[in-house]
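K.L.:
Chains as they are written, first to last, in our numbering: chain Z, 8 to 172; chain X, 516 to 743.
Be aware that one or more of the hints could be misleading.
Said to hold, decoys possible - Chain Z stretches covered by chain X per the calculated footprint, using a threshold of three residues with CB under 8 Å from any CB of chain X:
#1 31-37
#2 57-69
#3 77-90
To be verified - Some, not all, of what chain Z presents toward chain X, calculated at C-beta under 10 Å:
#4 Leu25
#5 Tyr27
#6 Leu28
#7 Ile40
#8 Ile99
#9 Leu144
Don't read these hints as lab results, they were simulated from the structure. C-beta atoms are modelled at their ideal positions from N, C-alpha and C, and glycine is treated no differently.
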Amino acid sequence: MSLLDHNIIWATINFLVLMYLLNRFLYSPVMKIMEERRAKIEGDLDHADREREKANELRQEYKTKLAGAEEEARRIIEEGYQKAQEKREEIIASARQEAKREQERARVEIARAQAEARAVLRDEISDLALLAAGRFLQRKLTGEEHEALMEKVVQELPQEVGGSP
Amino acid sequence: MNYIHFATFDIQAESGAQPIFEIFGWPVNDTIFIGWIISLGLVLFSIVVTRNLALRPGRLQNAIELLLEYIIDTTEGLLPGGGKKFLPFIGTIALYIGISNLVGVLPLAKNPTADLNTTVAFGLTVFLVSQGYGMQQKGLWRYIKGFAEPVFFLLPINIIGELAKPISHSFRLFGNIFGGSVIIALAAFFVPGFIPVPFMAWFDIFIGLVQALIFTMLAIAYISVASE
Numbered sequence: 008m009s010l011l012d013h014n015i016i017w018a019t020i021n022f023l024v025l026m027y028l029l030n031r032f033l034y035s036p037v038m039k040i041m042e043e044r045r046a047k048i049e050g051d052l053d054h055a056d057r058e059r060e061k062a063n064e065l066r067q068e069y070k071t072k073l074a075g076a077e078e079e080a081r082r083i084i085e086e087g088y089q090k091a092q093e094k095r096e097e098i099i100a101s102a103r104q105e106a107k108r109e110q111e112r113a114r115v116e117i118a119r120a121q122a123e124a125r126a127v128l129r130d131e132i133s134d135l136a137l138l139a140a141g142r143f144l145q146r147k148l149t150g151e152e153h154e155a156l157m158e159k160v161v162q163e164l165p166q167e168v169g170g171s172p
Numbered sequence: 516m517n518y519i520h521f522a523t524f525d526i527q528a529e530s531g532a533q534p535i536f537e538i539f540g541w542p543v544n545d546t547i548f549i550g551w552i553i554s555l556g557l558v559l560f561s562i563v564v565t566r567n568l569a570l571r572p573g574r575l576q577n578a579i580e581l582l583l584e585y586i587i588d589t590t591e592g593l594l595p596g597g598g599k600k601f602l603p604f605i606g607t608i609a610l611y612i613g614i615s616n617l618v619g620v621l622p623l624a625k626n627p628t629a630d631l632n633t634t635v636a637f638g639l640t641v642f643l644v645s646q647g648y649g650m651q652q653k654g655l656w657r658y659i660k661g662f663a664e665p666v667f668f669l670l671p672i673n674i675i676g677e678l679a680k681p682i683s684h685s686f687r688l689f690g691n692i693f694g695g696s697v698i699i700a701l702a703a704f705f706v707p708g709f710i711p712v713p714f715m716a717w718f719d720i721f722i723g724l725v726q727a728l729i730f731t732m733l734a735i736a737y738i739s740v741a742s743e
């Protein structure tokens, strides 16, 4: 028995055919799926990167918007405060005016009442004085005397009862 | 003397390759036939495994991918850029030689690698591939000039060295596996009641795996050296 014979041909054919078949049924499909997985992972990572970027942008946008909204709110509050202040001033001013008007009216009223009272008092006093004088004289004064007396009394009167203010 | 003669005869039958049938008048050894069965098994296994590959691998697919990646990475270490290109070649050598070295533990199965025809077939193929790849990578002139380096008179030594590679490559594997099976056959012959489990574990499994690794690594190294 020789160590090397025709069997080397069978062995070589076996090797080559096995290599072909394994390449077709084992290496190629497995390498393909590994490549697919690699591509998928890469794609996923890229996608994740993109998403993160997008999220960052969105966040930035929201931040800007939020800042804008805060600014707006402050402005509105400020404005409201300003308006309220103005309104307050206005109200106070109008109230003050009203009060002044009221005061004025009251003063006029008082003056009017005073004048009225003074007139009434003068009449009363003149009547009273006339009566008293009549009694004192025990006679009725004539028209002329009466007038003269009245004049005299009135002339003396303002110093005590109140003349012109 | 008679005893020894009887023993050697028996060992031939036990561990040497025996022709079992003929194709076109050419004999087919039992070792070669077992090699065919191994190849068939590998192909069927591949078909079953790759029938439903998924992006999220199962245990089996994971193991296969790990093995192929290991082969690619090992090749890449010695032959940068050649990992995927040489996967069919190196992977087939690793798988086929590995299983052929281990199959001897099964009863009635001989190692295909205990037949010089198998190992020389692989050794020669590796030789042809390495020389061809070297020629392709370096160009014909640089390839030929490579034999006359570093000095011209080393040309015959370089050629002999190159030709010695496939011989040592295939005879190392053959010797280790055949020797192992001879020792196991001897042990089984002289101590028939003793099941040579430790022998088989050592020669068939450990030596078998180591030799498969060595054969594969050398194949990569030869291709790498020839292309530089």
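K.L.:
Hints numbered earlier in the text: which of these fail when held up against the supplied structure?
P.N.:
Structure breaks hints 2, 3, 8 and 9.
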